[in-house]
Amino acid sequence: MTRPARNHLRWTALVAVPLLLSAIAGLQTRIDPEMDSIAPQKDDLLLRSPSAIQKMSLGYDSLLADIYWTRAVQYYGARFATKGATFPLLWPLLEITTTLDPHLIIAYRFGAFFLAESGTGGPGRPDLAVELVRQGIASNPDEWLLNVDLGFLYYWRLKDYQSSASAFLDGSNKPKAPPWMKMMAARVAQKGGSLETARMIWSEIYESTTDPKIRERALDTLRGLKALEDESKLNELADEYQRHFGHYPASVNALRSSGLIAAIPVDPDGYPYIFGPDGKAALDPMSTVVIPKEIKDPPKSR
Amino acid sequence: MSTAPVPVALNTFREAVRDRVLYNLIFFALLMMGAAILVGQISIGIDRLVIINLGLSAISLIGLVMAIFIGVGLVSKEIEKRTLYSLLARPIRRWEFLLGKYAGLVLTLAVNTSFMTLGLAVALFSVGRPLVAGDLLIFIAVYFILLQLALVTALALFFSCFTSPMLSTLFTLGTYITGCFASDIRAFGELTRSPTLKATTRIIYYLVPNFHNFNVIAAAAHGQRIPVSLVGYNTLYAALYIALLLVAASAVFSSRNLK
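Chains X and R are the protein sequences, given in the same order.
According to our numbering, the stretch in the first sequence is residues 1 to 302, in order.
According to our numbering, the stretch in the second sequence is residues 303 to 561, in order.
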């Protein structure tokens, strides 16, 4: 081939390749909606039996566990905070992950968190979360952090304070368990549903977790608990006000004017609390603080 | 337009037939026969579904193996057997030779795929489900498989122009797998909080050949509607990508010192 012909071909390629690539990218944007219309995102697990997958993994079970764990996180992340989203494959994915690698502690810890969250945050299955963490404890008997998670699940999600106390106590006997676990066990057993205990547990979670999402959740809950505590105190003061003046205070200012409080109390967002006609303290509508549903409307203790 | 690639294409096809490449059809026939007999015994109500899924998947897989393994040898075999030198001594340019080789393999794949589609139709007939007008979807799926195979062949040919057959196989297979997971790669990037990763996965998504575009096997098996516009878009997509790869392959092959 002659040199000019070769150069000509080279130049043609240099011009044509970028042009064709941009045309291809443009075309892909038209193909995407067409493909979505014929193949709606349908999640499925072809093989749901963890033991069958383990047998088929040919010794690469820990690698496969990592892949399944990544898939579980992606699955959860794609649905998290999406209105109307359901999580039917979350449990099977976690079950497969932990069967393939029973020592993947993170899968038990975060998996339980994912399973227990309700509303748009998760499937709201604390029972499955407890089962997952129990499996984790059985496979990793020295891992005290799993006991913390189990104690938390019983305390916060299931309001089963006796089981929660015993989970903390079991964990406190494990090597490397921190001393506060024994204290927590005693406190939960004595004052199951108290706000102080709840705050103590969430504070521990906030301090011990490295995951930003869980940390954020713990901080939100702590802010909500603080507001709940404030509201409870304000309600008591409003009752006292009513006894003195024959009616409930119209605002927190009225409480201050009467001398019952020295300063206007504000919520963690900085907004003053308000009073309803029934004399109950509430958050300002502008406030972003959310009072935890689990405490505000607690189910009956077992 | 030059007709020089035509004899090269026909020779490539004849060579593939001589090399007993089409013997894979026997395997396909046996697979379809076995499936047709077995599926009726062990399943209820999904025999048609299984036959279509199995048949289309086998057409795709067998074609893929052929496209990769024959594709990577298209150029290297000619160099190894030294037949390329006598060929290039004739009035044929290098890009015409490449185009002929490419067309020859695509013709082989098209013939092979046609026979396998016929086998699929026979298998469907044997389970008491002859092809009807609605089964046009199966032909669309087969057409998309053919487009996919043509694209894989172009990839294999491109890689074989500058590297060994072994590496070409690995590169082609790697690109194919990446292309099959292109949507997942993008979805993975979307889930991260890193804008760099998000942008990178997006670029990968648009640059790698997106083989997911051609996968309508499940839709065909379930009788889902496939938009006509998708047929047009996919044809254009494959044509553009193949053109890109052939231009790049020609530029690389023309610069190569064959002494």
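In case anyone wonders, no lab produced these hints; they're calculated from the structure.
Just so you know, these numbers come straight off a predicted model, no measurement behind them.
Hints may be right or wrong, so weigh each one.
[As the list claims (entries may be wrong)] Which chain R residues face chain X? A few, computed with CB under 10 Å, are given here:
{"id": "1", "residue": "I364"}
{"id": "2", "residue": "I381"}
{"id": "3", "residue": "K383"}
{"id": "4", "residue": "T385"}
{"id": "5", "residue": "F483"}
{"id": "6", "residue": "T502"}
{"id": "7", "residue": "T503"}
{"id": "8", "residue": "A550"}
{"id": "9", "residue": "S556"}
[To be verified] Within a straight-line C-alpha distance of at most 30 Å, the following computed DSSO-like cross-link-like pairs (lysine-lysine) qualify:
{"id": "10", "chain 1": "X", "residue 1": "K83", "chain 2": "R", "residue 2": "K500"}
{"id": "11", "chain 1": "R", "residue 1": "K379", "chain 2": "X", "residue 2": "K213"}
{"id": "12", "chain 1": "X", "residue 1": "K191", "chain 2": "X", "residue 2": "K83"}
{"id": "13", "chain 1": "X", "residue 1": "K191", "chain 2": "X", "residue 2": "K176"}
We put the CB at the ideal spot given by N, CA and C, even for glycine.
Evaluated hints:
no., hint, in the structure
1, I364, "21 Å, violated"
2, I381, "15 Å, violated"
3, K383, "21 Å, violated"
4, T385, "18 Å, violated"
5, F483, "12 Å, violated"
6, T502, "15 Å, violated"
7, T503, "13 Å, violated"
8, A550, "6 Å, holds"
9, S556, "5 Å, holds"
10, K83(X) - K500(R), "24 Å, holds"
11, K379(R) - K213(X), "57 Å, violated"
12, K191(X) - K83(X), "36 Å, violated"
13, K191(X) - K176(X), "26 Å, holds"
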